[in-house]
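**Student:** Here the protein sequences come in this chain order: C and Z.
Residues in the first sequence are numbered consecutively from 1, following the numbering used here.
Residues in the second sequence are numbered consecutively from 472, following the numbering used here.
Keep in mind that the hints were calculated from the coordinates and are not lab data.
Be a bit skeptical, because a hint or two may be false.
[Unchecked claim] Taking lysine to any residue and the SDA-like style, the derived pairs with C-alpha atoms no more than 20 Å apart in a straight line are:
1. Lys235(C) with Lys526(Z)
2. Lys643(Z) with Arg427(C)
3. Lys643(Z) with Met435(C)
4. Lys643(Z) with Leu430(C)
5. Lys235(C) with Val387(C)
6. Lys643(Z) with Glu145(C)
7. Lys643(Z) with Thr313(C)
8. Lys354(C) with Ser319(C)
9. Lys354(C) with Lys235(C)
10. Lys235(C) with Ile389(C)
11. Lys524(Z) with Ala567(Z)
12. Lys526(Z) with Pro434(C)
13. Lys354(C) with Val387(C)
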Amino acid sequence: MMALPFQIVVLWSDALLFVLLAAIVGLGLWARTQPALRLAWRRVTADAVAMVSATILAAFVLTGVLDSLHYRARLDAQPGQTDTRQHYAVEVNSALDALLAPLRLHVEKTYSAPLATHLFAKEALPGSEVRGFPRLVWGGAHLDERLDAQAVDVARRIAFGLVGGLLGWLVVSWLMRFVQKVGTPRALPAGRDGDTARKPPVARKAMMFTLLVLFLLAGVTIALGSGYHVLGTDKVGQDVLYLSLKSIRTGLLIGTLTTLVMLPVAVFLGILAGYMGGWIDDLIQYLYTTLNSIPGVLLIAAAVLMMQVVIDTHPDWFSTAAERADARLLALCLILGMTSWTGLARLLRGETLKLRELEFVQAAHAFGVGNLAIMRRHILPNLMHIVLIALVMDFSGLVLAEAVLSYVGVGVDPSTISFGTMINAARMELAREPMVWWSLAAAFSFMFVLVLAANLFTDALRDAFDPRATK
Amino acid sequence: MFAYIIRRLLYALPILLGVNLITFALFFVVNTPDDMARMQLGIKRVTPEAIQKWKAERGYDQPLIWNAEAKGPAKLTATVFFNKSMRMFIGDFGRADDGRDIAREIANRAGPSLAIALPTFILGLFAAITLALLLVFFRATRLDFYGVVLCVAMMSISGLFYIIGGQWLVSKVWHWVPISGYAEGLTAAKFIVLPVVIGVIGGLGASARWYRTIFLEEITRDYVRTARAKGVSEMAVLFRHVLRNALIPILTGVVVVIPALFMGSLLTESFFGIPGLGSYTIEAINAQDFAVVRAMVFIGSVLYIAGLLATDISYTLADPRVRLQ
């Protein structure tokens, strides 16, 4: 049997993320069969702002997914090795790490500004008495001593990047058009398909324009990144661009898994309380009022502190550092979920109270359908739009919360790359003169784009799905 | 109404008991006191004696919830749960790890917290409602559209950015106010201005957008059309009719946080070096001072429940039709 050059590692968070993606695809396919849902989605795809933000979100998700394909590289056999077993590196890497290997491995000594050729701090230069800025090992290394040519080199690289990005975009847009032509069945005669006539146009132009911008940005970044540190380096000389891209996965995971892990509990308890009433309702209400009355940050802090003790006292549970960091990330999601499911449960309880009195539920009762079946078949489908909106509404808040929690010291594992840990590390350097601004700027800009896109997309979704919204 | 308040207060007791049980479970059952002692003492100095001493110093050497060896009511009272959790009901929070009395520390620190949180709250509310009313006044125009876009953009910016950016611009570049610190009396003003302004700006986007949707919902009602039909000016319609009728949903979200203002803001206080309850909590979290964290959780819950009650009472003030029974 031929051995792979690597061993695939599936962390728990990876598995959950893939489950989530599969669920989204499945739900999407199912929604296509439902006329009402299809109409709502048409409204989303016709909205230019929604499609722009969806395109940007897709780019983020792609980065996150690439970063979730983990593996351990195979080690070459040592000369004196006697056993024939394969050995794998302790380090767990992802597909994104492999793609960004130049960025990941080109580590400088310490801070350097974006596109710099020299370190940010003065130190004693070898072979001379004067203190000066040492040359970077990688940044602008191809320039050798012709430092005055840097401006020309940067301009040339930007031009190359723009052209490359444009070409890439042309190829992709041609491919998309091709796939669409093959994928759609031949046009039905007008009037056969009920809703083709009223079908609002997809905001394709806005989408393609966003794609173009993304491609141009990527092209320039790649062209510059092969020779310089585009966003500078941080305290231990790591490339800030690499760190920012790695942070995306953490943000996405916290934003989605948190709601996902508590979703079943919130849905079940919310519907149960609203439908059954009586002492069950009282009990569930008591449960979420109690949880709700504990200030969120403090409950999270207390729970995270305790989780740290548990993880610290059981080092034998995890075989690699990546697994431990992953367990901590998941635990954080669980803890965040513990505090945030109450809102959704309350909302669902209220809606169920209304639905319970409607005729179709009464009719199901009269036909002798069991309580559980009524809740599952008749009430749950009518609440799905609330669940969907809650799922996306929480996302942006959670991404922002992660940064704050990591700052307070109760966020992700310090070894996990995230926007919060980036900001936390950069915060120490604010007092420096001149200021080290690029790590902060990078973390905040990436976070801003991600959250803004999510917020705009949520707005469009809510407008399309909320039955109360009249347009 | 008096009977209603009494009943609500009684209803708060089981909730507070539940809060205590949850924190108790988090702090003492998930991890035994031995685990905590081991972590706080570090790996090197862990001997059974040291652990015993650590536990005895903090009063963790009793049984957790049921003391089988004691007699009579002491079976319940000579336990960690009673001494550490139940005593919080009478305001006894015990001592922090540095030996100071937590209750006194809280009393001292509530002032600075309030000095920041109260102006932030009032000005923030005022600014958000004004902005929302303006957006509603210009509804369905370009101004409204860009206003909403601005709100969404503002709420997409991390709160950390507002603080870091504000400190950098105002204190470091312009040298208008000190970066951080606090003083008693009137000199405190120069330390308070920047956190308050940043707090107001940071919260403006989300709340203004939220109030705008509330006002928009009101503005399609019949009474608004009637008021316009009889010739009331648009400004008067907004301020006299829409604002007053939108009070109930606004109060729902606003009154509940008023008591919690005492707790201060974790981020603001720690960035600006304000010696309030927020920074106290952060210090306790970082120093893993469990007694303080527990006390703050309890106080936070009490204040939240007080806020819920205050919300109900405020309804009767805002809307004479609401009767509490």
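**Student:** List in ascending order the numbers of the hints, as given earlier, that are violated by the structure.
**Tutor:** The structure breaks hints 1, 5, 6, 7, 8, 9, 10 and 12; every other hint is satisfied.
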